[in-house]
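Chains as they are written, first to last, in my numbering: chain A, 1 to 441; chain B, 1001 to 1311.
Calculated directly from the structure, the hints in this document are not laboratory data.
Worth double-checking, as some hints may not be accurate.
What the hints assert, rightly or not - To give an idea of the interface, some chain A residues facing chain B are shown, with a C-beta separation under 10 Å as derived from the structure: (1) GLY40; (2) LEU112; (3) LYS235; (4) SER344; (5) ARG346; (6) TRP347; (7) PHE349; (8) VAL350; (9) ILE397; (10) LEU398; (11) LYS401; (12) VAL402.
What the hints assert, rightly or not - Under the rule of at most 25 Å between Cα atoms (straight-line distance), these lysine-lysine pairs were calculated in the BS3-like manner: (13) LYS375(A) x LYS1076(B); (14) LYS1074(B) x LYS39(A); (15) LYS205(A) x LYS1294(B); (16) LYS1256(B) x LYS375(A); (17) LYS126(A) x LYS1202(B); (18) LYS1202(B) x LYS375(A); (19) LYS1168(B) x LYS39(A); (20) LYS1256(B) x LYS126(A); (21) LYS375(A) x LYS1273(B); (22) LYS1187(B) x LYS1168(B).
As the list claims (entries may be wrong) - FRET-style restraints, in silico, Cβ to Cβ: (23) GLY1204(B) x GLY301(A): 31 to 37 Å; (24) ALA1226(B) x GLY376(A): 26 to 32 Å; (25) GLY301(A) x LEU1170(B): 28 to 34 Å; (26) ASN1038(B) x TRP127(A): 28 to 34 Å; (27) PRO1253(B) x MET109(A): 29 to 35 Å; (28) ILE1036(B) x PRO238(A): 40 to 46 Å; (29) PHE122(A) x ASN1296(B): 46 to 52 Å.
Idealized CB from N, CA, C, for every residue including glycine.
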Amino acid sequence: MAHSEEFQKLEGKIFTKSFFILLSVVLVGFFFVGVRYVKGIGAVSNMSDGYPWGIWITYDVATGTAIACGGYAVAILVYIRNRMQYHPLIRSAILTSMFGYGLAGFSVMVDLGRPWNAYNFFIPSKWQANSAMFEVALCVMAYSTVLIIEFIPAILTSIEKSKWERMNLIRNWLHPRIAPDAKSMNDNLELVRLGAAWLKPRLNKVLIFFIVLGITLPTMHQSSLGSLLLIASTKLHPLWHTGFLPLLFLINCIFIGYAIAILESLISSYSFDRPYEIEELSGLAGLVPYVTVIWLSVVVGDLVQRGQIGAALRGDFYSGFFMAEFLLVAVGSLLLFSRRLRRSPRWLFVSASLIVLGGALYRFNVYLIGFNPGKGWRYFPSFAEVMVTVGIVALEILGYKVFVALFPVLPNTVVHGPALPANGTAVQVQNLAFEKTVPQA
Amino acid sequence: MKRQSRRDFLKLVGATGAGLVAASAAPCAASEGMHINNEELGMLYDATKCVGCKACMSACKRVNSDYGSLSYEKAKFDTDGLWDAPSDLSGSTRTLIKLFKESNKRWSYVKYSCMHCQKPSCVSVCPVSAMTKEKVSGIVDYNKNTCIGCRYCQVACPYNIPKFQWEKALPQIVKCDLCKNTNLREKGISACAETCPTGAIKFGKRKDLLQEAQTRLKENPDKYIAHIYGEHEGGGTNHLYLASMPFNKLGLPDIKPEAPAEFSEKIQHTIYKGFIAPVALYSALCFIAVKNMKGNNRGHDKDAAHKKEEK
């Protein structure tokens, strides 16, 4: 797994125009988070006693973690199904998973009314194994830790290879009186480098057990995200309330994971002017329809078994959202059955987007749209509530952009060959600084 | 090789699926196995006796305001704050009287407060055991010192009873605890039942309340709908209702006799029984992954050689 030469850093400025635009969106979001802590959740959100979970839970947690399942889905493919050719995709997938889960955890802390009591999750006498929420919380915390461990090799490689240019720049910028002594600083940095070099091979030896843990944990909590709504038997519309919720959520996160891995790769190739990894992507795209077909058949089979097909075709509000979710996934998958379309970045983008949208809409349907607590309750997110979510998403993109520049995350274009220039010519490939493999004697 | 591994993958998905099918096939008979404890404390509310004076509401607030974090709610027209006028149960109101008026001749009051279920959903879903059901009294109680404020109890409760203090920076859940720490401890009766001037709220053990309700139904069959709401609803509740109008018109939902928590716990327990499935999944995946790794290292000599260099 130590294919560090497989990945490369993205050379270029970090502080670009888009960086500052994203940063300002993040700041607006965090302003409202501040308001929420001072004036209460009611001051920023439209949540009510009828709709106690709004978009913070529905999008940031239930949907956001599914979108962050790229790392999970690609890890299944690479390590369990033994398709090493997809390994180049894994680091960026894990990075987005790391941000997705980390920020889902953050928005939970915004959403919780009494976050200072959250330590009770670690007190065995308070454990409540009947609660799907308990399972989700522990699994998500564990998985976030595992994701960080999975990402550490990239950081270690960076430390190992670092010339500490930025560090020296900062030192030189500081006033000589407060700046640390150049020699002792360099000695210390050398120690850090040696430590990283010492840790890396040892971590690599045991990393596979963390990777497998990183496959087991999402299997558990993604299905439990479905189990969360099992108890709402009187509130969730019968189109979605079924004993199969855990299974449907599990399969749903797998196909969203693959589709998002495709999208992510396409978008980063496009926006960083890198060649498309069309070989890997079309192969990956070929798998998606199999997963979605399983999901669609479970959905239909379950509706037939519970006699709810009529409700699905009734043409009312609920059936409309059900059909939208169903058709988005179905049409997206149908496109991917065509070998020709699978090789076109444009069509890959379209179909993967449809599948992600459909899969996400399913989660919205279960958590919000199909949820009816009784007469007189309504919910539509407020502006501030939306801005908190948008701010968190912006932070996610911002973090991704900074990390791919600091650490070797993206696939190395030389090793994998410039297949198709993305946006312009292959000349730009030369602008990339390759992470050379320096044998450590 | 390629086909083989796809089959493995499908097997994995299939196995998970089979487990879940088994889980969802069984649960219907669950509530029969559930034991109803009629020794628990509860209340019988007779809507035909209620005159809507709301003395119970004001008694509840007077007694529980400090302990239960209750407060008075102003009506919109009432700028001076002369009345306590909550429009619904809320983060400052635990119990509420409402009037449902179909016509001038057909109307009924109804009292809302926690139903103190035999198998409470809120207790089943609370991730940190902040919601508990007392073994002897059957009171469904809330502990704000444990609560993390996730509001899953609100999602789960079919009666929409737990309320959250949306407007506060340090909020908590508010719900009836049968005056457990206040009136019940001091006087052995809940404040609302103690105060009610017409005897519409009767406090006591569930078995006595059921008997009383059945007697009233027998003596005045014309006066009542022939149903004791809460006897079987959602696995049975300790707060029982008698009324002259259909209960769903009074805002009390139609709920199947099976407790919703039975259904969800059955599935959750089947998946996580003894934590065997997750451990088995982890070991199986480890086996496959390590085998794959070894195969790859043998396949790519160059790769392996490079690794040695690194060490």
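Results of checking the hints against the structure:
With its C-beta approaching chain B no nearer than about 5 Å, GLY40(A) sits inside the 10 Å limit, and its interface hint holds. A distance limit of 10 Å between C-beta atoms decides the matter here; for LEU112(A) the minimum to chain B is near 5 Å, and the interface restraint holds. Hint on LYS235(A) holds. Least Cβ distance to chain B is approximately 7 Å, under the 10 Å limit. Given hint, SER344(A) at the interface with chain B, is violated; its Cβ is 24 Å from that chain's nearest Cβ, farther than 10 Å.
At its closest, the beta carbon of ARG346(A) sits 28 Å from a beta carbon of chain B; the interface hint therefore is violated under the 10 Å criterion. At a threshold of 10 Å, the smallest CB-CB gap from TRP347(A) to chain B is about 24 Å, leaving the interface hint violated. A distance limit of 10 Å between C-beta atoms decides the matter here; for PHE349(A) the minimum to chain B is near 25 Å, and the interface restraint is violated. At its closest, the beta carbon of VAL350(A) sits 26 Å from a beta carbon of chain B; the interface hint therefore is violated under the 10 Å criterion.
This hint is violated: ILE397(A) has a C-beta 27 Å from the nearest C-beta of chain B, more than the 10 Å allowed. At about 28 Å, the closest approach between the beta carbon of LEU398(A) and any beta carbon in chain B exceeds 10 Å, and the interface hint on this residue is violated. Using the Cβ-Cβ criterion of 10 Å, the hint placing LYS401(A) at the interface with chain B is not satisfied: the shortest such distance is roughly 29 Å. Hint status for VAL402(A): violated, given a least beta-carbon distance of 27 Å to chain B, over 10 Å.
At roughly 22 Å between alpha-carbon atoms, LYS375(A) and LYS1076(B) fall within 25 Å of each other, so this suggested pair holds. Restraint check: the Cα-Cα separation between LYS1074(B) and LYS39(A) comes to about 19 Å, which is no more than 25 Å; the hinted pair holds. Distance restraint check for LYS205(A) and LYS1294(B): the Cα-Cα separation of roughly 12 Å lies within the 25 Å cut-off, and the hinted pair is therefore satisfied. Taking the CA atoms of LYS1256(B) and LYS375(A), the gap is near 19 Å; set against the 25 Å cutoff, the hint holds.
Of the pairs offered as hints, the one joining LYS126(A) and LYS1202(B) is violated, with about 34 Å between alpha carbons and a cut-off of 25 Å exceeded. In summary, the hint linking LYS1202(B) to LYS375(A) is not supported, as the alpha carbons are separated by about 29 Å, beyond the 25 Å threshold. At roughly 6 Å between alpha-carbon atoms, LYS1168(B) and LYS39(A) fall within 25 Å of each other, so this suggested pair holds. For the given pair, LYS1256(B) sits about 30 Å from LYS126(A) by alpha-carbon distance, which is inconsistent with the 25 Å threshold.
The suggested pairing of LYS375(A) with LYS1273(B) is violated, with an alpha-carbon distance near 38 Å, which exceeds 25 Å. With a C-alpha separation of about 32 Å, the suggested pair LYS1187(B) and LYS1168(B) falls outside the 25 Å cut-off, and the hint is violated. Checked against the hint of 31 to 37 Å, the C-beta distance between GLY1204(B) and GLY301(A) comes to roughly 49 Å, which is inconsistent with it. Checking the proposed 26 to 32 Å range against ALA1226(B) and GLY376(A) shows it holds: the Cβ atoms sit about 29 Å from each other.
Restraint check, GLY301(A) to LEU1170(B): a C-beta distance of roughly 48 Å breaks the suggested window 28 to 34 Å. Judged by the Cβ atoms, the range 28 to 34 Å given for ASN1038(B) and TRP127(A) holds: they are separated by roughly 30 Å. Distance hint for PRO1253(B) and MET109(A): a CB-CB separation of about 33 Å, consistent with the stated range 29 to 35 Å. For ILE1036(B) and PRO238(A), the hinted distance range of 40 to 46 Å is not satisfied, since their beta carbons lie about 27 Å from each other.
For PHE122(A) paired with ASN1296(B), a C-beta distance near 38 Å fails the hint of 46 to 52 Å.
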